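Fit chains X, E, G, B and L to the known structure of chain Z by using the hints.
Chains as they are written, first to last, in the UniProt record's numbering: chain Z, 1 to 239; chain X, 1 to 239; chain E, 1 to 239; chain G, 1 to 239; chain B, 1 to 239; chain L, 1 to 239.
Derived by calculation from the structure, the hints in this document are not laboratory data. Since the structure is predicted, the reported quantities are computational estimates derived from the model, not experimental observations.
When the alpha-carbon atoms are kept at most 25 angstroms apart in a straight line, the in silico BS3-like pairs for lysine-lysine are as follows:
#	chain 1	residue 1	chain 2	residue 2
1	G	Lys82	E	Lys82
2	L	Lys56	B	Lys168
3	X	Lys22	X	Lys46
A few chain G positions that, by computed beta-carbon distances, are all more than 10 angstroms from chain L:
#	residue
4	Arg6
5	Ala8
6	Pro48
7	Arg52
8	Lys56
9	Arg86
10	Asp103
11	Arg142
12	Ile155
13	Ala182
14	Arg196
15	Leu236
16	Ala238
17	Ala239
Facing chain Z, according to a computed beta carbon distance under 7 angstroms, are these residues of chain G, among others:
#	residue
18	Gln88
19	Glu89
20	Arg92
21	Glu199
22	Gly202
23	Pro208
Each residue gets a CB set at the ideal place from its N, CA and C atoms; glycine is no exception.
6 protein chains.
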Amino acid sequence: MRPSGRAADALRAIHLEPGFSKHAEGSCLARFGDTHVLCTASVEEKVPPFLRNSGKGWVTAEYGMLPRSTHTRTDREAARGKQSGRTQEIQRLIGRSLRAVVDMAALGERQIKIDCDVLQADGGTRTAAVTGSWVALAIACRGLVAAGRIPATPIRAGVAAVSCGIYKGTPVLDLDYLEDSAAETDANFVMTDNGRIVEVQGTAEGAPFDESELLELLRLARHGIGELSLHQQRALEAA
Amino acid sequence: MRPSGRAADALRAIHLEPGFSKHAEGSCLARFGDTHVLCTASVEEKVPPFLRNSGKGWVTAEYGMLPRSTHTRTDREAARGKQSGRTQEIQRLIGRSLRAVVDMAALGERQIKIDCDVLQADGGTRTAAVTGSWVALAIACRGLVAAGRIPATPIRAGVAAVSCGIYKGTPVLDLDYLEDSAAETDANFVMTDNGRIVEVQGTAEGAPFDESELLELLRLARHGIGELSLHQQRALEAA
Amino acid sequence: MRPSGRAADALRAIHLEPGFSKHAEGSCLARFGDTHVLCTASVEEKVPPFLRNSGKGWVTAEYGMLPRSTHTRTDREAARGKQSGRTQEIQRLIGRSLRAVVDMAALGERQIKIDCDVLQADGGTRTAAVTGSWVALAIACRGLVAAGRIPATPIRAGVAAVSCGIYKGTPVLDLDYLEDSAAETDANFVMTDNGRIVEVQGTAEGAPFDESELLELLRLARHGIGELSLHQQRALEAA
Amino acid sequence: MRPSGRAADALRAIHLEPGFSKHAEGSCLARFGDTHVLCTASVEEKVPPFLRNSGKGWVTAEYGMLPRSTHTRTDREAARGKQSGRTQEIQRLIGRSLRAVVDMAALGERQIKIDCDVLQADGGTRTAAVTGSWVALAIACRGLVAAGRIPATPIRAGVAAVSCGIYKGTPVLDLDYLEDSAAETDANFVMTDNGRIVEVQGTAEGAPFDESELLELLRLARHGIGELSLHQQRALEAA
Amino acid sequence: MRPSGRAADALRAIHLEPGFSKHAEGSCLARFGDTHVLCTASVEEKVPPFLRNSGKGWVTAEYGMLPRSTHTRTDREAARGKQSGRTQEIQRLIGRSLRAVVDMAALGERQIKIDCDVLQADGGTRTAAVTGSWVALAIACRGLVAAGRIPATPIRAGVAAVSCGIYKGTPVLDLDYLEDSAAETDANFVMTDNGRIVEVQGTAEGAPFDESELLELLRLARHGIGELSLHQQRALEAA
Amino acid sequence: MRPSGRAADALRAIHLEPGFSKHAEGSCLARFGDTHVLCTASVEEKVPPFLRNSGKGWVTAEYGMLPRSTHTRTDREAARGKQSGRTQEIQRLIGRSLRAVVDMAALGERQIKIDCDVLQADGGTRTAAVTGSWVALAIACRGLVAAGRIPATPIRAGVAAVSCGIYKGTPVLDLDYLEDSAAETDANFVMTDNGRIVEVQGTAEGAPFDESELLELLRLARHGIGELSLHQQRALEAA
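Here chain Z stands alone, though its shape is the one from the complex (with noise of 0.2 angstroms):
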């Protein structure tokens, strides 16, 4: 039995809310349960110097958390002089997840650099991130077509990510902070909307797993991974 009682398949309550932001490019505040990621998507005419005079453009992504996101209070990476390794860890996560899906010719010489901000944690962070900037991006792109600076969207597939995890000898999908935090194994997946694996990354807890719970964590977030895919295209055209 999980805490929330939810089924073991089940996500939790998922809401992509496109422009959240008024500035931004492309915004979507994703909110998969009590977990709440505010990701932007910024158009800058400029790319990194390893891409210039390439006609490529680039895509990268960063990622911070509000100190009082989480249960107790985490220290302001800011005022800390530096940003955690599992920050940056995140951050590397979500940029090659995105670029797995865009085509940097058709992007033109420019970067898109997205944001992602939780303003409330309780578990799945990183895969909110992944799921909401996707639809900022997209926004993004969207907006350069409008402009008439693309002829067409450079972003070949849809991408989103879901974690599962052994919790109490069960498989289970989207994992909550109690559940987080007490899982035997915990696995992150970034797939596409044609369900293609872009990245995977499991590890073991407790004890060490084996193959075939390796494959029960696989099919259960491609179910999720396909529901998600269904919330970015309905939060797409409602933006």
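Showing chains X, E, G, B and L alone in chain Z's frame:
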């Protein structure tokens, strides 16, 4: 004529939404028009070294802007590895303003940390931050009383803040970004709910100003802060 | 009765010694009683990026305290690896104050960097810094004229600063450390030599204050700044 | 055909040289072909704050590359003043992998710090680091037993790591730099000596991959890790 | 012929002004010609961790240059966020030089922190710093004796420093900036008042030098340090 | 009697192993007994800003210690976020020593970066670093000649370094850690292969020393450096 069509002594639409954050001991989303600041209060049973064994508490504040809260994206301070002078100036102001109305002996040897994070900026973020923080702080103190940890609230008065400025020759209240970036003189006032001054900061952006102009700004501020105090009371009752 | 025996409206002994530094284009050792601040002006033929090709110049300031300028030793900011919020607040104030009286187009596309280093501190270092910096700046500008690099000085007015405060219930001028650490209200005024306000910063250290108190402090400041302006003129003539 | 001429399921020449370092409580130079990583284990009788008085120990890891371990020189992280996101990601992985097989209560309240320094890089530095670190850790634990500080080794299983990838359409084991920089899919596996999974990280560098490809990589990894475990046992016996 | 017209073995005009700083337990403004270094000694009743409960004291030093002490402005180290290698090298030299003549057990478990701040630079700042610091240190120790905190001064000997160099083929004493920047060989000597060597650092700026040249420089230094010791004694008596 | 049983004028076992690193343009593993330093030379077709368009090249050095190269683990400088004063002092010494024997115009407008990383420390790491770096540098320069990028080597002389010290009253050559930590006087000499001095640094660790002792150390150093030069020549021939 103000860009927003407001009268010279009119505030923007003010919304103080208490309880925005699930985890914090007190919270308030302060919206002054399109300026949105999330204020949280975190209670810690530990004071800074200079107060240990003094029996007295402390209130301190931190401030940050989400990178895309601004019209064009601002670098993330956590990524740059340091907080700007402006950030430090603002968080020092917020802390001083709140401490001016708190009885530190009545708070007892504990610290309340205020976090003000700007979700969206359109001028006047520091005054929205002070105003919303007072609500978050008051909720947190009420919680301490309810939990029997202190007999009565240590807050001696309300405190709120507003900006005023001389825009195209006319003194106006609560500047938005368009006005702020064009004002000849810019002043921020922090006042108690009974109209006394906690802090005044006036700066000539263009030509220096004189005493009579300062007094006109002060009167506008007193008017605006009167209204803000009512909003604060209502928010606190609704919490 | 003030600890120093001064009248309420009396400045400390003021000495502005121009040319203290052999290498700087302009310099002034500003002594307000036991507060000694070395101010230098360095001319650089290069402006910050946001002014390139604008034809306009810039004036900026940095501030620091020698570690043992204070009663007990303060950590060296260079060793700690960052400047405190107080330092940044003060250097921003000095820069703004000087820029308020400089015609940037007349200065031409060059930058003047002001350094204010506190050799000894006894209260009021920021006001001594503003007052001495104006002298250093004026000498540097005179040098630019003498060298034929600009036709006339770009300085449109004098500017000086002084602190006032309410000490044991009485408004007093130019607080020394003993008064400063006990004052109920503390205010810094930056004014031009014709009595107009460039910046006012007033803070309630104890109980909040009211309009009439602010006005009394302002009148004291105007009186003090009148005297400081005469000292500045004499220093400039002597240079 | 692989650039090195190896079969798809062949590891590079593996050498695990124990006792490379004179001072460390345990050490191993791990060479996977031209990738050389020096791993040391340092025992400290002090645990991180969150474990004080818990009776439990800790294992943590740091990772670094010598500036000219790479094809072209990489900036020294100590000179840049911070560790890259990649460095932090890798050292977190090494620490997690080792902790998965250590009984922290049996280790007792002490910490073992692992340092993995890449002397020469040719792909797969993180997997060589995990594999060599386990040897260094095991030697250090054996030393604790020999010194009578703990009754038996706290290590519950062997752990090793290897990379796999899809190179020109073919799944291959233990990628060198040439393969790594051209692979469509890249995965790192950390497994115990009895074939269970501690960590899996798979990333689509080109097109997303599917479940069957993930399983092929997993089987290659299980084969490689079986061989690496034998190398580890031999190194430990030789130490 | 030296640019200053001095004889080869002549020091610049030396002024050691004790008591320059009102707050420090000991202070001395050391002027070697146009090189002016303010040296202060601060007594703290706390030693670094490695000396706690040892009964022994410590002497350490920090060094800094005001940004416009130099011919052209140097960036402020506090603003850059780190001290240069040159700064660290110099402050380590000053600390070692002073510690060489202090009996740490006689000082007792307290620390004396020396701050050397260059107000104006014209070559030889480190040697002026060592020479002036000894005076500041001696005054501070005398104060400890006067206050009954230690029975006798822990200073066992005088110590001073001077630079020598080979300028246009001739060994000369106490180089100023013009000589320093053109010297073929540059050496700094720290010696006791009885002519023994505490530290020697000689560097070939142009062609390498030989033993006889080193000895000539050493003899010049011994002569100069003899004179500096007399200046130190006089300053100490005057304090 | 030395702890190692060596004669007073005997070096430790010296091994200079060229070509230790596969990627670097020049490399040498320098072993002075149990002190092992990996030295690499990296050629970059780019000079520091102050040399652009000068036609001249540059040689610079960086130094680091692996955390467990020392008897007890030393914190990783990359993790602490800054290089210690000792590290900076040593890398500045290595750079100066090598530049003293390189004709920068003959090198042409390119930079050679030397990295010295201590794999194992047992005293004298800086002298092993200078000695090994010269070999790495010479190999890199020979490569530039072989590639036709410069007509002849820009290296004008050999350079090597050795430490000497007074240990239990006796001057000895090439101190190991046991001697180094107990020596009364410690000196490092950098000399050319024809016996001229590039740098001398002598420090009294205990009582100050006199001229005759300095000369004895210098004679020991000349002897040791003569031998080291032969090792360097053999290593260069073997490369």
